[in-house]
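Q: Sequence:
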Amino acid sequence: MLDEKYILSAAYVPEHIPKLMSFLSGGEPALLNKNYLYFKGENWLIFIGYPLDRNFDINEFGNSIQQVLKKFKPETLWLLTDEIPDFLQEKFKKLEDDYYYKLDIKNLVINKKLIKVVEKASDKLKVVVEKIYTEQHKDLTNEFLKTREVSKNVRQLYIKLPEYLKKSETTFLLSTYTKEGRLTAYYIIEMEAEQFSAYLIGCNSKINYVSYSSDLLMYELIKISQKEGKKYINLGIGVNEGIRRFKEKWGGIPFLKYRTYEYSRVNFLDYFLINP
Numbered sequence: 001m002l003d004e005k006y007i008l009s010a011a012y013v014p015e016h017i018p019k020l021m022s023f024l025s026g027g028e029p030a031l032l033n034k035n036y037l038y039f040k041g042e043n044w045l046i047f048i049g050y051p052l053d054r055n056f057d058i059n060e061f062g063n064s065i066q067q068v069l070k071k072f073k074p075e076t077l078w079l080l081t082d083e084i085p086d087f088l089q090e091k092f093k094k095l096e097d098d099y100y101y102k103l104d105i106k107n108l109v110i111n112k113k114l115i116k117v118v119e120k121a122s123d124k125l126k127v128v129v130e131k132i133y134t135e136q137h138k139d140l141t142n143e144f145l146k147t148r149e150v151s152k153n154v155r156q157l158y159i160k161l162p163e164y165l166k167k168s169e170t171t172f173l174l175s176t177y178t179k180e181g182r183l184t185a186y187y188i189i190e191m192e193a194e195q196f197s198a199y200l201i202g203c204n205s206k207i208n209y210v211s212y213s214s215d216l217l218m219y220e221l222i223k224i225s226q227k228e229g230k231k232y233i234n235l236g237i238g239v240n241e242g243i244r245r246f247k248e249k250w251g252g253i254p255f256l257k258y259r260t261y262e263y264s265r266v267n268f269l270d271y272f273l274i275n276p
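Read in order, the letters of the sequence shown correspond to residues 1 to 276 in UniProt numbering.
Misleading hints may appear alongside valid ones.
Claimed, not checked - Pairs of lysine to aspartate or glutamate, DMTMM-like flavour, derived with a Cα cap of 25 Å: (1) Lys120 / Glu262; (2) Lys116 / Glu262; (3) Lys19 / Glu119; (4) Lys249 / Glu228; (5) Lys91 / Glu262.
Because the hints were derived from the structure by calculation, they are not lab data. None of these values were measured; they are calculated from a predicted model.
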């Protein structure tokens, strides 16, 4: 039986959250050697190559990959890690290369300029913590996906996470509304891990644009996370220069290499299209 309490206490990336990843992938979660989490489907496997004890040994990791290949013989293996040993380089194709960003919030002192920005936004907007993904949220998501260039797997997150929001008691919407009730931006956040909160997705409107909506949401996410006793916020990966600048503006730092690899003919970025 999977010890979710242990996993959530040791988790440090969103992919360590069993219910979330199981829903998104459709795979059954399991632990290898009480240290590596993976998700298994009928003929595929997703391996989270960040050890729960945080002691990454590249040789031990390589042996773990060989172990699952030998045991399960998956047609496709997707691997998420910071590096792989040389002897696996020829077998695995690298798909993504980025960094996870985190914001330490335990003793965070927010820049005075950011406080002023948040105060300006607060004069025009209100923030609501909610569970209901409304028609306004759907419209904003559609607007966002039509006007921004996003990868296939990220697009599927925007499609799938609203459904997970209904099922999960630890997943919430942070939304900003004008005084007239128009939605200007939202985040979907996850609070189940013991040590951190996770920013999963977010978007802001160009049609109902209000300056600093995203800054107000970040400020509220910090307050909520501090209230819940989290040590830090996992801000996800850098994605592009604009998103990286925003995360760094708020004090986010790259803390862990994010790389995805595949061992099959099926592309990792196409996976969520195959499993809608």
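Q: Hints first: check each against the structure and report whether it holds.
A: Each hint tested on the structure:
A hinted pair counts as satisfied when its Cα atoms are at most 25 Å apart, and Lys120 with Glu262 does not qualify at roughly 46 Å. This hinted pair does not check out: Lys116 and Glu262 have alpha carbons roughly 45 Å apart, beyond 25 Å. Using a Cα cut-off of 25 Å, the hinted pair Lys19 and Glu119 is violated, with the two alpha carbons roughly 36 Å apart. A threshold of 25 Å between alpha carbons decides the hint, and for Lys249 with Glu228 the separation of about 23 Å falls inside it, so the pair holds.
Taking the CA atoms of Lys91 and Glu262, the gap is about 8 Å. The hint holds against a cut of 25 Å.
The structure shown violates the earlier hints numbered 1, 2 and 3.
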